[in-house]
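Here are the chains, one letter per residue:
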Amino acid sequence: GNSVTQMEGPVTLSEEAFLTINCTYTATGYPSLFWYVQYPGEGLQLLLKATKADDKGSNKGFEATYRKETTSFHLEKGSVQVSDSAVYFCALSEGNDMRFGAGTRLTVKP
Amino acid sequence: SQTIHQWPATLVQPVGSPLSLECTVEGTSNPNLYWYRQAAGRGLQLLFYSVGIGQISSEVPQNLSASRPQDRQFILSSKKLLLSDSGFYLCAWSVLRGRYNEQFFGPGTRLTVL
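Residue numbers (the working numbering), protein chains in the order written: chain A, 30 to 139; chain B, 9 to 122.
Keep in mind the hints are simulated off the structure, nothing from the lab.
Be aware that one or more of the hints could be misleading.
What follows is a list of derived Cβ distance ranges for each label pair [unchecked claim]: (1) A:F47 to B:T120: 35 to 45 Å; (2) B:P22 to A:E71: 24 to 34 Å; (3) A:G58 to B:V59: 17 to 27 Å; (4) B:S65 to A:E71: 19 to 29 Å; (5) A:T99 to B:P26: 18 to 28 Å.
Owing to the predicted nature of the structure, the values given are computational and were not obtained by experimental measurement.
Even glycine gets a Cβ: it sits at the ideal position worked out from N, Cα and C.
If we strip away everything but chain A, and leave its shape as in the complex, we get (with noise of 0.2 Å):
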């Protein structure tokens, strides 16, 4: 069946760091991924999507690229804010069938 791995948290950054959450994915078909965002107390809100290989998300300056070959969508922003502090959830979607990684939680420091 398909599932979403993601790296286990908490990440502690300090501010204009580079930020790197890895994301790796099995699945039977071809997928498309995401990134959710989750800030404190509130739902998810979708941060980007890839829905072909090689294609590359982008949003509010994170990236992410769809790898195939390594099954991989890996969260990635050069330099992290403290507004960027939440947990983020990679989650692929195939048909009507969506799975979520166990989320990871970011907090970026000043």
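Could you slot chain B onto chain A? The hints should help.
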């Protein structure tokens, strides 16, 4: 545009009491609807999903139930709450875009069972 509402936003209930959480979606028709639970510091656990009125699929056995009385209304219920039912409950809707579903989440309900 589409919006999703959940209420109440927070709820404190005693063990053994009933529960009813409501979710409604506006601006779309025939959506897939989902209930997730997020325990403190944990990931998302899919509880129920529905592809149409009266059609409910349960992912895990538990003392919770779900109903979809109208196309854009999804209700999560319990007859008797347990301490372990405490958590953050998220409703989501999705639309099939070609080969994939894109999910949109509500603001959540924080439930504390004492």
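Taking the hints in turn, this is what the structure says about them:
1. Between A:F47 and B:T120 the beta carbon distance is about 38 Å. The supplied range of 35 to 45 Å therefore holds.
2. Between B:P22 and A:E71 the beta carbons are some 27 Å apart, a value that agrees with the proposed interval 24 to 34 Å.
3. The given range of 17 to 27 Å is respected by A:G58 and B:V59, whose C-beta atoms sit roughly 20 Å from each other.
4. For the hinted restraint 19 to 29 Å between B:S65 and A:E71, the CB-CB distance of approximately 26 Å keeps it satisfied.
5. As the Cβ distance of A:T99 to B:P26 is approximately 49 Å, the hint placing it in 18 to 28 Å is violated.
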